[in-house]
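Novice: Protein sequence lines correspond, in order, to chains A and B. Counting from 113, one number per residue, gives the positions in the first sequence under the working numbering. Counting from 106, one number per residue, gives the positions in the second sequence under the working numbering.
Simulated from the structure, these hints should not be mistaken for lab results. We put the CB at the ideal spot given by N, CA and C, even for glycine. The reader is advised that the hints may include incorrect statements.
To be verified - Simulated restraints, written as ranges between beta carbons of each label pair:
id, chain 1, residue 1, chain 2, residue 2, range
1, B, 349, A, 116, 17 to 23 Å
2, B, 358, A, 127, 18 to 24 Å
3, A, 127, B, 357, 17 to 23 Å
4, A, 544, B, 259, 37 to 43 Å
Chain by chain, the residues:
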Amino acid sequence: MSPANSREEVLEAAANLRWEVGPDLHDSLMEALYTDAARISDRVLSRDDARPAFDLDRTIDRLVTSRWLGFPIMMLLMAVVLWVTITGANVPSSLLSSLFLETLHPALKQAAAAAGLAWWLDGLLIDGMFLAVAWVVSVMLPPMAIFFPLFTLLEDFGYLPRVAFNLDRWFKMAGAHGKQALTMAMGYGCNAAGVVATRVIDSPRERLIATLTNNFSLCNGRWPTQILIATIFIGSLAPPALAGLVSAGSVMAVVLLGVGGTFLVSWGLSRTLLKGEASAFSLELPPYRPPRILQTIYTSLIDRTLIVLWRAVVFSVPAGAAIWLVSNTHVGGASLAEHLIQGMNPFGLLIGLNGVILLAYIIAIPANEIVIPTVLMLTVVSAGLPGVGEGAGVMFELDSASATLGVLEADGWTLLTGINLMLFSLLHNPCSTTLYTIWKETGSVKWTAASALLPVAMGFVVCFCVAQAFRWLGG
Amino acid sequence: MKPNPPPGACEICPAHHSANLKRLGVNMDRYHFVVALAGNPNTGKSTLFNSLTGLRQHTGNWPGKTVTRAEGGFAYQGSNYKLVDLPGTYSLLSTSTDEEIARDFILFGQPDVTVIVVDATRLERNLNLVCQVLEITGRAVVCLNLMDEAERHRLTVDERSLARELGVPVVPAAARQGRGVPMLIDMIHQVATGGFVCKPHRIQSEPPALKRAVSLLVEKLGAAFPDLPNARWVALRLLEGDARIEEAVRSGELAGLVRAPQGAATAAPAEGAG
Numbered sequence: 113m114s115p116a117n118s119r120e121e122v123l124e125a126a127a128n129l130r131w132e133v134g135p136d137l138h139d140s141l142m143e144a145l146y147t148d149a150a151r152i153s154d155r156v157l158s159r160d161d162a163r164p165a166f167d168l169d170r171t172i173d174r175l176v177t178s179r180w181l182g183f184p185i186m187m188l189l190m191a192v193v194l195w196v197t198i199t200g201a202n203v204p205s206s207l208l209s210s211l212f213l214e215t216l217h218p219a220l221k222q223a224a225a226a227a228g229l230a231w232w233l234d235g236l237l238i239d240g241m242f243l244a245v246a247w248v249v250s251v252m253l254p255p256m257a258i259f260f261p262l263f264t265l266l267e268d269f270g271y272l273p274r275v276a277f278n279l280d281r282w283f284k285m286a287g288a289h290g291k292q293a294l295t296m297a298m299g300y301g302c303n304a305a306g307v308v309a310t311r312v313i314d315s316p317r318e319r320l321i322a323t324l325t326n327n328f329s330l331c332n333g334r335w336p337t338q339i340l341i342a343t344i345f346i347g348s349l350a351p352p353a354l355a356g357l358v359s360a361g362s363v364m365a366v367v368l369l370g371v372g373g374t375f376l377v378s379w380g381l382s383r384t385l386l387k388g389e390a391s392a393f394s395l396e397l398p399p400y401r402p403p404r405i406l407q408t409i410y411t412s413l414i415d416r417t418l419i420v421l422w423r424a425v426v427f428s429v430p431a432g433a434a435i436w437l438v439s440n441t442h443v444g445g446a447s448l449a450e451h452l453i454q455g456m457n458p459f460g461l462l463i464g465l466n467g468v469i470l471l472a473y474i475i476a477i478p479a480n481e482i483v484i485p486t487v488l489m490l491t492v493v494s495a496g497l498p499g500v501g502e503g504a505g506v507m508f509e510l511d512s513a514s515a516t517l518g519v520l521e522a523d524g525w526t527l528l529t530g531i532n533l534m535l536f537s538l539l540h541n542p543c544s545t546t547l548y549t550i551w552k553e554t555g556s557v558k559w560t561a562a563s564a565l566l567p568v569a570m571g572f573v574v575c576f577c578v579a580q581a582f583r584w585l586g587g
Numbered sequence: 106m107k108p109n110p111p112p113g114a115c116e117i118c119p120a121h122h123s124a125n126l127k128r129l130g131v132n133m134d135r136y137h138f139v140v141a142l143a144g145n146p147n148t149g150k151s152t153l154f155n156s157l158t159g160l161r162q163h164t165g166n167w168p169g170k171t172v173t174r175a176e177g178g179f180a181y182q183g184s185n186y187k188l189v190d191l192p193g194t195y196s197l198l199s200t201s202t203d204e205e206i207a208r209d210f211i212l213f214g215q216p217d218v219t220v221i222v223v224d225a226t227r228l229e230r231n232l233n234l235v236c237q238v239l240e241i242t243g244r245a246v247v248c249l250n251l252m253d254e255a256e257r258h259r260l261t262v263d264e265r266s267l268a269r270e271l272g273v274p275v276v277p278a279a280a281r282q283g284r285g286v287p288m289l290i291d292m293i294h295q296v297a298t299g300g301f302v303c304k305p306h307r308i309q310s311e312p313p314a315l316k317r318a319v320s321l322l323v324e325k326l327g328a329a330f331p332d333l334p335n336a337r338w339v340a341l342r343l344l345e346g347d348a349r350i351e352e353a354v355r356s357g358e359l360a361g362l363v364r365a366p367q368g369a370a371t372a373a374p375a376e377g378a379g
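All chains should be modelled from the sequences, with the hints used to inform the complete structure.
Specialist: Below you can see the structure in the form of C-alpha cells.
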C-alpha cells in the first residue's frame with residue numbers, strides 16, 4: 113500500500129467515524145477537558161477561606177468601572193498625564209534647544225568655515241540635516257520621556273482592560289469590537305503598533321474597522337505638534353498661571369474629538385461597507401499589580417522613547433535635506449518651495465490653513481514628527497522674514513514660545529490657523545510606516561488607500577467648516 | 106528537624122549557579138534546543154521571556170498584548186536554547202489567528218520543550234490549556250507563575266501533586282521578581298536533554314463512543330505515520346474536521362513530526378550550525 117493511499121484511508125476513516133460519534137463531539141470533548149481540569153485543580157489547590165475584610169482590587173474596580181465615575185476618572189487620568197507632560201517638558205525642551213541651536217550650531221558653522229566647506233554642502237549638512245535633527249530631538253525628547261513612562265505605568269498597573277470595559281458599550285453601539293479600545297490605546301503610542309495590535313480581534317470585519325480608525329488616536333509623532341500649538345496659540349490666551357491647564361484642556365479636546373471620530377467612523381463603516389453585528393467576546397480584568405516603577409521608567413525610556421526618537425531622527429535627516437533643497441533651488445526667480453507654497457495657498461486659506469502647512473504635511477509623510485520644524489522653516493522662506501534665521505531653508509533659534517508665535521503671526525497665522533492645524537494634525541493620512549503596516553496586515557491596496565484618503569477628506573471638510581464658522585463669527 | 110544538607114550540596118546543584126545562564130538576546134543562529142512559551146493570556150510569558158533572554162519585549166498588564174511570535178536565546182550548561190514567546194490563548198481548539206499561531210508552532214514547530222506558563226491564582230481555567238498542550242506534546246514543563254499573587258490571595262498549590270497528576274515537571278515561580286527562574290531553566294534543560302522523562306496526562310473523561318472512534322483512528326494513523334507522537338490528538342482533530350490537520354495528513358506533512366525519542370537530541374549536532 114502506497115503511503116498516499118494509507119493517508120487517504122485515514123481521512124476516509126475519519127469521515128466515516130465522524131458520523132458515528134455524532135455532532136456533539138466538540139461539546140463532549142470540552143466537557144472531558146473541563147472535568148479533568150476541575151478534578152486536578154480540586155486535588156492540588158487549597159484556599160484559606162478567611163476572606164480579608166477589605167478587598168482592594170474589587171474596590172478599585174467598582175470605582176474605575178462604575179457607570180457614573182468610570183468616564184470622569186478616565187478623563188481625569190488622561191488630563192493629568194497630559195498636564196504633567198506639557199508643564200514638565202517646557203524646561204528640558206528649552207535647555208536642549210539652547211544647547212543644540214545656540215552652542216552646537218554656531219560651533220559647527222565655524223568649524224565648517226574653517227575647513228573651507230562649499231556653501232551648498234555646509235548648508236545641506238548643517239543648516240538642513242543637523243538643524244532638523246536638533247529640532248526633532250529638542251521638541252520631541254522631553255514630552256516623550258515623560259508621556260511614555262506615565263502611560264506604561266498605567267498599563268503595567270492593569271488599567272487598560274478597565275478602559276476597554278468602560279468603552280465596550282460604546283463600541284458595541286458603533287457595531288465594532290470592544291477590544292478596539294485596547295488597539296486604540298496602543299495607537300496613542302504609535303499607530304503602526306496599534307494596527308498590529310488589531311490582531312487580538314478575531315472577526316475580520318471588526319478588525320478592519322479597528323485598523324481603519326486607529327489613525328484617530330494621536331500618535332507620539334503628533335503629540336508634540338498638539339502640545340506646541342496648544343501652548344503658543346491657546347495657552348497664551350489664558351493668564352500665565354492657567355496657561356498649562358488651558359493648553360492641556362485643548363489637547364484633551366482634540367483627543368476626545370479623535371475618540372468621537374473613532375466611534376463615528378466605526379459606526380458609519382459597520383452600517384455601510386462593513387455591515388455586520390458586533391461579536392461577543394470575553395475580556396479578563398486582570399488583577400491590579402503594583403507597577404515596578406523604576407523598571408518601567410527604564411524600559412519605557414530605552415525601548416519606546418529612544419526607538420521612536422531614533423526613527424524620527426532617521427527621517428528628519430533626509431527631510432532636512434529636502435527642505436533645504438526646495439528652499440534653495442531656484443526656478444524662474446523664486447525658490448521651488450515658494451512656487452509650491454504659492455500654488456497651494458489659495459486652497460489652504462480656504463480651509464483655514466495655508467500653503468506652508470499643506471507642503472509641510474507632504475514633506476512629512478514619512479514621519480509626522482517633523483511637521484512643526486518643517487512648518488517653521490518653510491514659513492521663514494515664504495514670509496521672507498528679515499533678520500530671522502540665516503538664510504533660506506535654515507532653522508532658527510526660537511528660544512521661547514512667544515518668539516515662535518511672532519514668526520508665525522508675521523506670516524499671517526491667526527488663532528484659526530492654530531486651531532485648524534491641531535485639527536488637521538488629528539485628521540490627516542497616517543504616516544508611511546503605518547500605511548505600510550496596514551497594507552501588510554490587510555493585504556489589500558483598496559483598504560490601505562481608504563485608510564489614507566478617509567482621514568484626509570475628513571480633515572479638509574472639518575477644517576473648512578471650522579474656518580467658515582470662525583469667519584462668520586467674526587474671528 | 107530536617108538534617109542539614111551536606112556542605113556543598115547547593116554548590117553542586119547546577120541550578121545554584123545562576124552564572125550558568127547566559128542571556129543571548131537575539132544572537133541565536135546556533136542553537137541546540139527550541140523552547141516554546143505557551144499559556145493563557147496575561148500570565149507573564151513575556152516577562153519570563155525577558156528574564157531568560159535579556160531582551161525587552163514590551164510587557165503590560167492586559168490580556169492579548171503579544172500578538173506576534175517573539176524569539177530570543179539563552180545558553181545554559183553548554184547548550185544554546187532558542188526561546189519562542191507565543192501569543193497567549195485560552196484554548197487550542199477554536200480557530201482565531203493567535204490560537205492558530207500558538208497551536209501550529211507547538212505542533213509543527215516541534216519545540217524540544219514547551220513551557221506552559223500558568224496563573225496560579227486561576228488554576229482550573231489554566232489547566233484546560235495545559236491538558237490541551239499535553240495532548241499535543243509530552244515534552245513540557247509547567248511554570249506555576251504569579252505565586253506571589255496566589256500567596257496574597259491565600260491560595261496554596263501543592264506543586265508536587267500537580268506534577269504527579271500532569272506527568273511533567275511543575276516549577277513555582279514569580280517571574281516579575283525573578284523567583285523560580287533558575288529552577289525553571291534547570292527543568293527545561295533536564296527535559297530537553299532527557300534527564301527528566303515526561304509521562305504526560307491525557308484526557309480521560311471522554312465518553313466511550315468517542316474513545317472507541319479515537320482508538321480506531323489512531324490505529325489507521327499508526328499505519329500511515331508510524332511512531333507519530335500525538336496520534337490521539339490528531340485523531341481528535343480529524344474527527345472534528347479540522348481542515349489544517351486534514352491537509353497535513355493528505356500532504357504527508359505529519360510524517361515530519363515523527364521524531365527521535367526524548368533525549369536523543371543531545372547527540373544531534375547544533376541546528377543551523379552548517
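Novice: Does each hint hold? Answer for all of them.
Specialist: A quick look at each hint next to the structure:
no.	hint	verdict
1	B:349 <-> A:116: 17 to 23 Å	holds, 19 Å
2	B:358 <-> A:127: 18 to 24 Å	holds, 19 Å
3	A:127 <-> B:357: 17 to 23 Å	holds, 18 Å
4	A:544 <-> B:259: 37 to 43 Å	violated, 53 Å
Hint compliance for this structure: hint 4 is the single one not met.
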